[in-house]
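J.: Now for the letters of each chain:
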Amino acid sequence: MKPQHLTNRFQGGLVVSDPTATKVLPVIATGLPTTVVLPLQTSHNSYTPNVDSGQAVLKGQRLDHLTPSGASPLLAPTSGVIKSIARYACSQSPGGAVNSIIIDVDGEDNWHPDAQLFHDWHQLSRDSQLTALQASALIGHGGGGFALYRKLTSATKPIKTLIVNAVECEPMINCDAALLQTAANDIIAGAFALASLCGADNTVIAIENGKQQILQSLVESLTDNTSNNMTLCVVPDIYPVGAERQLVEVVCGVKVVAPDIPSRHGILCCNAATLAAFHSFVSTGYPSLRRLVTVAGSAIQKPANFDALIGTPIKDLVDIAGMHSPMTAEHSLTVGGSICGTGFYDFNAPVLANTNCILVDKPDKNPVTEVACIRCARCSDVCPAELLPQQMHRHIQAGKPEDAQAFGLDACIECGCCDQVCPSNIPLTASFRDSRATLRQRHQIEIAANESARRYDMRQQRLEQKTLEKNRRLMERKRALQKQTASTEQSSPQRPDADAIKAAMMRSRQRKKNRPGNDSTG
Amino acid sequence: MIAAIVVFSVLAAGVGYALGKLASRLPADASSLADQINQLLPQTQCGQCQYPGCRPYAEAIATAQAPINQCPPGGEQTIHALADLLGREVIALDTELGECKPAQLAVIREDECIGCTLCIHACPVDAILGASRMMHTVIASECTGCELCLPPCPVDCIDLQADTVNIQRA
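Residue numbers (the working numbering), protein chains in the order written: chain A, 1 to 522; chain B, 523 to 692.
Take the hints with a grain of salt, since some may be wrong.
Unchecked claim - Pair ranges (Cβ atoms, derived):
no.: 1; chain 1: A; residue 1: A411; chain 2: B; residue 2: L544; range: 39 to 45 angstroms
no.: 2; chain 1: A; residue 1: Q490; chain 2: B; residue 2: S654; range: 43 to 49 angstroms
no.: 3; chain 1: A; residue 1: G144; chain 2: B; residue 2: A603; range: 29 to 35 angstroms
no.: 4; chain 1: B; residue 1: E598; chain 2: A; residue 2: G144; range: 33 to 39 angstroms
no.: 5; chain 1: B; residue 1: K623; chain 2: A; residue 2: M327; range: 34 to 40 angstroms
no.: 6; chain 1: A; residue 1: D364; chain 2: B; residue 2: E611; range: 43 to 49 angstroms
no.: 7; chain 1: A; residue 1: S154; chain 2: B; residue 2: R655; range: 46 to 52 angstroms
no.: 8; chain 1: A; residue 1: K470; chain 2: B; residue 2: R655; range: 43 to 49 angstroms
no.: 9; chain 1: B; residue 1: A603; chain 2: A; residue 2: D434; range: 18 to 24 angstroms
no.: 10; chain 1: A; residue 1: Q405; chain 2: B; residue 2: S663; range: 51 to 57 angstroms
no.: 11; chain 1: B; residue 1: E611; chain 2: A; residue 2: H65; range: 24 to 30 angstroms
no.: 12; chain 1: B; residue 1: G637; chain 2: A; residue 2: E330; range: 53 to 59 angstroms
Said to hold, decoys possible - Just a sample of chain B residues kept apart from chain A, beta carbon distances all over 12 angstroms, derived:
no.: 13; residue: I524
no.: 14; residue: G536
no.: 15; residue: R577
no.: 16; residue: L607
no.: 17; residue: V647
To be verified - Partner residues aside, some chain B positions facing chain A, computed with beta carbon under 7 angstroms:
no.: 18; residue: P564
no.: 19; residue: Q565
no.: 20; residue: Q567
no.: 21; residue: G575
no.: 22; residue: P646
no.: 23; residue: T666
Hints are computed from structural coordinates only; laboratory data are not their basis.
By construction, the Cβ of each residue, glycine as well, lies at the ideal position given by its N, Cα and C atoms.
The following block holds chain B by itself, in its conformation from the complex (with noise of 0.2 angstroms):
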C-alpha cells in the first residue's frame, strides 16, 4: 500500500516536473497559430488591415493585438472564419478601412507609362513587370488587385478593372 502511494507519488511529480520545463522550454506555439490564421486571409497583401501584409497582420491576431474584423478583401466570409477558428465573435468589417468588392485587377495603360519604377516597388507581390524608362506592365495572372500601385504613379496611368482574367477570387 504504501509503496504503491510513494511510486505514484514519484511517478506524477517526475511526469509534472517534465511536463512544467517541457512546457516553459517550447512556448504556446504563437507562430503556428499565425500561421492557421495566414491561411485563412485572402493574401491581397493590400495592407488595409494597417498591417505591411497578412503574415503582419496574422501574427497581430495571434498575439490578441489586433481585432478580426479589419480585412474588407475579405469580408464577412474571412471574419466568419477566423471567428470560428479562433473561438471568437463574429463582429461587423471595420468599414472605416475599406469596403468588401469583388475581384479586381490593376491594368497599366502602356502608352502612357513613363517608366519612373515606383510602381514596382510598390506591389507587394513582384506582380509588374518592367524597369527604369521602359514601359512596365501587370501581370495578370499574379495582380492581387490590392491597389497599392496606384498612389506612387505619377501620371495616374493605371486602371482597376473587373478581374475577367483569373478566376473570380471571392
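Chain A extracted, bound-state conformation (with noise of 0.2 angstroms):
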C-alpha cells in the first residue's frame, strides 16, 4: 500500500524540533506493582465506591456503584485487598490529591467470574456490543481520557470516516511509536472492529511525517491487511497536528470549532493505543488494563516505555528506569509530552488510562523569570484553536476568569504552543488551566447551592403544608364539637326539673347581689 501524503494545514500550530523522533524506545514488561491506586475523581469521570477497606476485589471486578448510563465503571486492575479509600496522589488533579482506593496486590492476579463480558464478540448484536463496550471501561489512551463507549454514543450522525490518531506529534512521548513499531497488526484489527461497530465506509490512519521506520512497519502490516476501505495518510509534523479537531481539519478538511466535536461531523477519530486496547478487549471478552507509558528526562538513566498496569504508582517505573541522582524535590515531574505535559508533585500518583509519558527532569540551572505581557500577538499568531491568548490572559490577571471565557477559554486545547513563543516567559496554558479548574468549580458549587435552595423550599413548602393541615384539622373537630352540642341541646328533650335549676340559680345570684359587703371584702 501505498502512503498518501497530505498537505492540508490548519491554523496557527509549531513546527517542534524533536530529538527522540527517529528514536523508538525499547518496551520493557512490568510485573504486578505491590500497590496500585484509582482515583475516584479524574478529568470526565467521578465514582462512588461500593467497597470498603480490608474487602477482597478480584482483577476486572467493579468497584463503584451503578451510575446514570454513559458513565464509565471503575475496575479492579489486579486481585488483591483494599488496603483503604482515603486521599492520594493524583497527576491530575490541580490541588494534587483526589479520593482514592488504595488496593494491595496479593499477587494472584485471579479475574472476577463475571469480568469476562462475552465469548465470541462476533455472535453479539450491535446494541449488547456496546453495552459490554461500556462496562469494559476502556478509557480512550490518547489524552483527553473519554471513555470510547462515551465517544461512540456522543454521535449525532452516523460515522462515516473512522482516523487512527497515530501522530505522536509532541517531543519526548515515544508510547504510541513503540506500539506501531510493535503491534501494528493488533491497532490495524482494532480499527477494522471499531469500524464496523460504528458503521464508518473508511478508515484513514494517520501518521506523522519523518518517521519512516515506523511508516515502514504500517506499510508491511498492511499489506499483509489488504482492504479497499483502509488508507494510510502522512500528515505534515507541525504542532499539535496530533489533536483531535487539528488532525479532523488536515486529513478530513472538516473545521471543527469546539465545543462542536468530530462525532457530530461523522468523523470519529481514535487513538492508536485506545484501538490496540479495544481489540484485546474484543479477541478475548476481558476488560483491558495494561498501557504502555513513556518514561523518560534528562534525569531518567534509561528511558523505555513500560507496559504497565493501570493504577501502577509512577514511582515504581521511574524506579525501572533508574534516576541518574537520587530523587529531590527540585527534579520537576511532568505527565504528558514536553510542550503540554502538565506537573505533578508527588511521585507516588499512579499512572491512568490517558498517561501517556513521564518526564523525569534534572533541576532547572537558569529558571526564565516571568515578565509583564508587550501585546505582540505572537501567541494568538500560533493557537491552532484561533484564540487571543493575550487577550485572556488579561481577564484572567484581573481576576476574572468569566470574561476569559467570553474570549473562548473553553475552546483552549492546552497545547502549550503560547508558552513556546512567548517572549514574556508568562505560562500561560497553566493559567487557562488554572482558571478552567477555577471556573469547573465555580460552576459545581453553584449546583451544589442551587440543589441546597431547592431542599430547603421542598422543606419550608412542607412546614408550611403541615401547619395548614393541622390548622385544617383543628376547624374540622371544632366545627364537629359545636355541631355536636347544638344537636345535644336540639334533640335531648328538656330534663324535668329544667324550670326548678333556672329558679335556684336566679335566687343564688340575686342573694349575692344583696350581700352587703360584697363590693369591698370580696
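Work from the hints to combine the two standalone chains into their complex.
T.: Encoded structure:
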C-alpha cells in the first residue's frame, strides 16, 4: 500500500524539533506492582465506591456504584485487598490529591468470574456490543481521557470516517511509536473492529511525516491486511497536528470549532493505543487494563516504554528506569509531553488510562523569569484553536476568568504553543488550565447551592402544608364539636326539673348581689 | 399640520395612559429581584444573617430592609456580587454575625446518638436521616455545614469537619 502524503494545514501551530523523533525506545514489560491506586475523581469521570477497606477484590471487579447511563465503570486492575479509601496523590488533580481506592496487590492476578463479558464478539448484537464496551471501562489512551463508549454514543450523525490517530507529534512521547512498531497488527485489527461497530465506511490511519521507520512497519502490516477502505495518510509535522480537531481538519478538511465535536460531523478520531486495547478486549472478552507509558527526561538513566498496569504508582516505573541522582524536591515531574505536559508533585501518583508519558527532569539551572505581557500577539498567531491568548491572559490577571470565557477559554486545547513563543515567558497554558479548573469548581458550587435551595424550599413548603393541615384539622374538630353540642341541645328532651334549677340559680344570684360588703371584701 | 399634532397628541396620551395603567397593574418586580439576589447567596441556609434562610434574606435585601453584608458564609465574594447586582457600595462583612470559614460538614458520632430527632427538625435542608430512638446520620452530599444542628443536640454528638467529600464550596 502506498501512503498518501497530505499537505493540508490548520491555522497556527509550530514546527518543533524533537531529538527523539526518529528513535523508538524499547518496550519493557513490568510485573504486578505491590499497590495500585485508583483515583475516584478524574477529569471526566467521578465514582462512588461500592467497596470498603479490608475487602478482597478480584481483577476486573466493578468497584463503583451504578451511575446514570453513559458513565464508565471503575474496574479493579488486579486482585488484592483494599487497603484504604483515602486522599492520595493524583497527577490529574490541580490540588495534587483526590480520594482514591488503594489496593494491596496479592500477586495472584485472579479474574473476577463476571469479568469476561462475552465469548464471541461477532455473535453479539450491536446493542450488546455497546453495552459490553461500556462495561469494559475502556478509556481513551490519547490524552483527553474520554471513555470510548461515550465517544461512540455522542455521535448525532452516522459515523462515515474513522481516523486512527497514530500521530505522536509532541516531543518526548514515544509510547504510540513503540506500539506501532511492535503491535501494528493489533491496531489495524482494532480499527477494523471499531469501524464495523460504528459503521464507518472508510478508515484512515494518520501518521506524522518523519517517522519513516514506523511507516515502513505499518505499510508491511497493511499489505498483509489488504483492504480497500483503509488508507494510510502522512500528515505534515506541525505541532499539534495530533490534536483531535486539528487532525480532522488536515485529514478530512472539516473544520470543527469547539464546543462542537468531530463525531457530530460523522468523523470518529481514536488514538492508536486505544484501538490496540479495543482489539485486546474484542478478541478475549476481558477488559484491557494495561497501557504503554514512556518514562524519559534528563534525569532518567534508561528511558523506555513500560507496559504497565493502570493504577501502578509512577514511582515503580521510575525506579525501574533508574535515575542519575536520587530524587529531590527540585526535580521537575511532568505527565504528558514536554510541551503540553502538566507538572505534578508527588511521585506516588498512579498511571491512569490516559497517562502516556512521564518526564523527570533535572533541576533547572537557569529558571526563566516571567515578565509583563508586551502584547506582541505571537501567541495568537500560533494558537491552533484561533483564540486570543493575550486577551484571555489579561482578563485572568484582572481576576475575571468568566470574561476570559467570553474569549473562548473553553475552546483552549492546552497545547502549549503560546508558552513556546511568548517572549515574556508567561506560563499562559498553566494559567488557562487553572482558570478553567476555577470556573468548573464555581459551576459545581452553583449546582450544589441550587440543590440546597431546592431542598430548603421543599422543606419550607412541607412545613407550611403541615401547619395548614393542622389548622384545618383543628377547625374541623371545633366545628364537629359545635355541631354535636347544638344537636344534643336540640334533640335531648328538657329535664323535667329544668325550671326549678333555673329558679334556684336566679335566687342564688340575687342573694349574692344583696349580700352587704360584697364589693369591698370579695 | 393641525391634524398631525392632534393625531400625535392623542397617540402620546393613549400610550402614556396605557403605560401608567400597566405600571400600576404590574408593580416593580420585587420577587424576581429577590430571585436574582437569592441566586448569589451561598444557600447554606444557616440563618447567620438573622433571617430564617437565604430566601428570606434575599427578600429583605430586595425590599431594602437589610444591608448586603450579613452573609458570613458567602464572605467578600458574595458582597461583591451583590454590590454589582444592586449597584450598591461594597461594604465590609458584619463580623458580629460570624466569619467566613472554609466549607465544612456536620458528622454525627453515631454510637453516641440517642435518636432524639431534634437535629432532624433543625436541619434546614433535610440532610439528616433517622427516626425516633434510632441512630441518625448526616447525608454528606446534602449537608451545607450551617451548624444549626449543633445547639439542639442534647448529647453533643455532632462534629464539624472540613468538607472533603463534596466539591469545595467557596
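J.: Next step is simple, just say for each hint if it's right about the structure.
T.: Hints and how they fare:
1. The hinted window of 39 to 45 angstroms between A411(A) and L544(B) holds, with their beta carbons roughly 44 angstroms apart.
2. In this structure the hint that Q490(A) and S654(B) lie 43 to 49 angstroms apart at CB holds, the actual value being about 45 angstroms.
3. In this structure the supplied range 29 to 35 angstroms holds for G144(A) paired with A603(B), their Cβ-Cβ distance being about 33 angstroms.
4. The given range of 33 to 39 angstroms is respected by E598(B) and G144(A), whose C-beta atoms sit roughly 36 angstroms from each other.
5. For the pair K623(B) and M327(A), the beta carbons lie near 37 angstroms from each other, so the given range of 34 to 40 angstroms is met.
6. About 47 angstroms separates the C-beta atoms of D364(A) and E611(B), a value consistent with the hinted range of 43 to 49 angstroms.
7. A beta carbon spacing of about 51 angstroms between S154(A) and R655(B) agrees with the range 46 to 52 angstroms that was offered as a hint.
8. Range check, K470(A) to R655(B): Cβ separation about 24 angstroms, and the 43 to 49 angstroms hint is violated.
9. Distance hint check: the CB atoms of A603(B) and D434(A) are about 21 angstroms apart, consistent with the given range 18 to 24 angstroms.
10. Checked against the hint of 51 to 57 angstroms, the pair Q405(A) and S663(B) fails, with Cβ atoms roughly 27 angstroms apart.
11. Distance hint check: the CB atoms of E611(B) and H65(A) are about 49 angstroms apart, inconsistent with the given range 24 to 30 angstroms.
12. Range check, G637(B) to E330(A): Cβ separation about 56 angstroms, and the 53 to 59 angstroms hint holds.
13. Every Cβ of chain A is farther than 12 angstroms from the Cβ of I524(B); the closest lies at roughly 53 angstroms, confirming the non-interface assignment.
14. Chain A leaves G536(B) outside its interface by the beta-carbon criterion, the shortest separation being 42 angstroms against a cut-off of 12 angstroms.
15. Non-interface call for R577(B) relative to chain A: violated, since the shortest CB-CB distance, roughly 7 angstroms, does not exceed 12 angstroms.
16. Even its closest Cβ contact with chain A, about 14 angstroms, leaves L607(B) beyond 12 angstroms, as expected for a residue assigned away from the interface.
17. Some Cβ of chain A comes within 12 angstroms of the Cβ of V647(B); the nearest lies about 4 angstroms off, and the non-interface call is violated.
18. Taken as an interface hint, P564(B) checks out: its beta carbon lies about 6 angstroms from the nearest beta carbon of chain A, inside 7 angstroms.
19. The beta carbon of Q565(B) is positioned within 7 angstroms of a beta carbon in chain A (closest approach about 4 angstroms), and the interface hint is therefore held.
20. The interface hint given for Q567(B) holds, since its Cβ lies 5 angstroms from the closest Cβ of chain A, which is under the 7 angstroms cut-off.
21. Using the Cβ-Cβ criterion of 7 angstroms, the hint placing G575(B) at the interface with chain A is satisfied: the shortest such distance is roughly 6 angstroms.
22. With a cut of 7 angstroms, the hint placing P646(B) at the interface with chain A holds, because the nearest CB-to-CB distance is about 6 angstroms.
23. Contact between T666(B) and chain A, as hinted, is supported at the beta carbon level, the nearest pair being about 5 angstroms apart and thus within 7 angstroms.
Going down the numbered hints, you'll see the structure goes against 8, 10, 11, 15, 17, while the others check out.
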